[in-house]
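Novice: Sequence:
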Amino acid sequence: MPNSNDPSSKKGRPTPKRKEAQSKRIVSSLAPASSKEEKKRAREQSRAARGAARIAYLRGDENALPLRDKGPARRYVRNLVDARKSIGEYFLPIIFVVLMLSIIPIPAVQFGGIALMYAVLLGAVVDGIFLSRKIKREVRNRFPDSPTKGLGLYGWLRSTQMRRLRTPHPQVKVGDSF
Numbered sequence: 002m003p004n005s006n007d008p009s010s011k012k013g014r015p016t017p018k019r020k021e022a023q024s025k026r027i028v029s030s031l032a033p034a035s036s037k038e039e040k041k042r043a044r045e046q047s048r049a050a051r052g053a054a055r056i057a058y059l060r061g062d063e064n065a066l067p068l069r070d071k072g073p074a075r076r077y078v079r080n081l082v083d084a085r086k087s088i089g090e091y092f093l094p095i096i097f098v099v100l101m102l103s104i105i106p107i108p109a110v111q112f113g114g115i116a117l118m119y120a121v122l123l124g125a126v127v128d129g130i131f132l133s134r135k136i137k138r139e140v141r142n143r144f145p146d147s148p149t150k151g152l153g154l155y156g157w158l159r160s161t162q163m164r165r166l167r168t169p170h171p172q173v174k175v176g177d178s179f
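Residue numbers (the numbering used here): 2 to 179.
Worth flagging that the hints you see were computed from the coordinates, not collected in a lab.
Even glycine gets a Cβ: it sits at the ideal position worked out from N, Cα and C.
In silico DMTMM-like cross-links for lysine to aspartate or glutamate, where the CA-CA straight-line distance does not exceed 20 Å:
| no. | residue 1 | residue 2 |
| --- | --- | --- |
| 1 | K150 | D70 |
| 2 | K86 | E139 |
| 3 | K137 | D70 |
| 4 | K71 | E139 |
| 5 | K86 | D128 |
| 6 | K174 | E90 |
| 7 | K135 | D70 |
| 8 | K135 | D146 |
Just the calculated beta-carbon pair ranges, DEER-fashion:
| no. | residue 1 | residue 2 | range |
| --- | --- | --- | --- |
| 9 | G124 | S178 | 23 to 31 Å |
| 10 | R60 | I27 | 45 to 53 Å |
| 11 | P15 | Q46 | 48 to 56 Å |
| 12 | R69 | L122 | 21 to 29 Å |
Construct the entire structure; sequences and hints are all you get.
Specialist: Here it is as structure tokens:
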């Protein structure tokens with residue numbers, strides 16, 4: 002066996018031509034080569050799976066929920082918030098009205114619109130504070146072992162969303178007891 006450290010030693014075979022070396026290379030791929038039909042079928046299956054997962058999430062299936070929405074305490078908070086009306090859910094439509102009022106070139110109307118916006122914002126914050134306290138108290142009573150950290154903010158943020166845009170969709174109607 003020739004010494005590899007000796008510059009005058011040979012490897013015992015000729016250097017292959019570039020074409021030969023490239024043709025011997027093995028193409029390593031993580032995914033097997035597939036036809037257009039197989040790729041299309043895989044895309045359609047993936048799309049159907051994502052659609053089914055989204056429908057399950059919107060329906061409120063526990064297995065399809067992300068971590069922030071999982072658990073009986075979170076489900077209870079969602080139901081507690083969805084069973085009542087709050088001023089925060091009207092904030093977005095009121096902002097739209099304020100935007101329309103700001104187009105009118107009368108300063109009193111513009112000022113009134115801005116005052117309305119701030120009044121609703123203040124009302125939503127005050128409502129959120131009371132709602133948060135109520136949520137924590139109710140969760141402590143119903144689920145004594147469950148931590149209440151973050152539940153008040155979770156409920157308040159849900160209460161500021163328009164009812165039709167809440168995800169997962171509301172499971173109870175306004176005024177229902179659960």
